[in-house]
Amino acid sequence: MENKPSETLSDIRRLMERSSRFSLLSGYSLIAAGICGLAGVWQAHREVMQWRMHPGGEHLADRLILTGSLTLVAALALGYAFTWGKVRRQQVPLWDAVVRKVSIHFAIPLFTGGVFVVGMIYWGQYQFIATACLVFYGLALVNASHFTVRPIRMLGLMQLLLGFICLFTGYNLICLMLGFGIMNILAGWLIQVKKP
Amino acid sequence: MKNPIEKLNKVFESRIRLGVMSVLVVNEEMNFKDLRQLLEVTDGNLATHLNVLEENGFLRVHKGFIGRKTHTTYRITPEGERAFRSHLAALEHMIRKLE
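Heads up: the sequence lines are chains Z and R, in that order. Letter by letter, the first sequence follows residues 1 to 196 in our numbering. Letter by letter, the second sequence follows residues 1001 to 1099 in our numbering.
Because the hints were derived from the structure by calculation, they are not lab data. There's no promise every hint is true.
To be verified - Computed cross-link-like contacts, BS3-like style, restricted to lysine-lysine with a CA-CA straight-line distance of at most 30 Å: (1) Z:LYS101 / R:LYS1069; (2) R:LYS1063 / R:LYS1033; (3) R:LYS1007 / R:LYS1097; (4) Z:LYS4 / R:LYS1097; (5) Z:LYS101 / R:LYS1097; (6) R:LYS1010 / R:LYS1063.
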């Protein structure tokens, strides 16, 4: 025998884990994305208020779309940066098999949601954009959660729930604030705290 | 008394071969480069061990091309999975005996 059986077993466990789960997702990524979300919702809220006082001004929908897009770009960039930093400190390649898997599983529902939202904007149907954002983000998270850290699944399910609430109540900004802001920050905090 | 080592599979005595099986049992398929990265071994070393596993019918090799570069992927066969699981069971059995 080359090794003790217990060592061999823990070797096997480590390899299974490392090859199938991306465990290096940084909690700060989600916290940063959540803060972007909060800032975005706050800005959108200001725009709505402004428009209510002076309804004649710029087209509200265009401003909100711009705010939303900028928020998304900032959240993705910051989220990526924190995880990238963590991966680099561990000196493992960022683009290995697991990362590819996680990215693809996350990207497919998210991209579908993006197309859907662009379609709704195209047809001038703004009513369900917030719902669609929450639902597709939720699906993307649930889909990717099989290959990464635990809290992501719960985060995805919460987004779905908020999406449904948003759909039937129409409290768009509140649901977006809770979903993209608070929930992301909570999940990020959970990931950061639970790490050994 | 039965010899506890008897149930351990000789093919899995090598750490690298056992490592390959561990990775393939949880991943539908894996290419050569990713396996090499995960197991931290050299090309030649990995290739030799993969050959042994293939000869034993524990994995299936798919040779393809991406452009002009070869792109070889590996999957575990049902026999491979059975052999791996019974090897694990034997290891567990041994540990329990030691305790």
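Proposed proximity, R:LYS1063 with R:LYS1010 (alpha carbon, max 30 Å): holds (27 Å)
Agreement of Z:LYS101 and R:LYS1069 with the hint, judged by alpha carbon distance not exceeding 30 Å: Distance ~22 Å between Z:LYS101 and R:LYS1069 Cα, so the pair holds.
Hinted pair Z:LYS4 and R:LYS1097, Cα distance within 30 Å: holds (13 Å)
Given hint R:LYS1097 paired with R:LYS1007 - CA-CA distance at most 30 Å: holds (14 Å)
Pair hint outcome, Z:LYS101 versus R:LYS1097 [Cα-Cα no greater than 30 Å]: Given pair Z:LYS101, R:LYS1097 is violated - Cα atoms ~39 Å apart, limit 30 Å.
R:LYS1063 paired with R:LYS1033 [C-alpha distance capped at 30 Å]: holds (13 Å)
Against the hints set out earlier in the document, a violation occurs for number 5 only.
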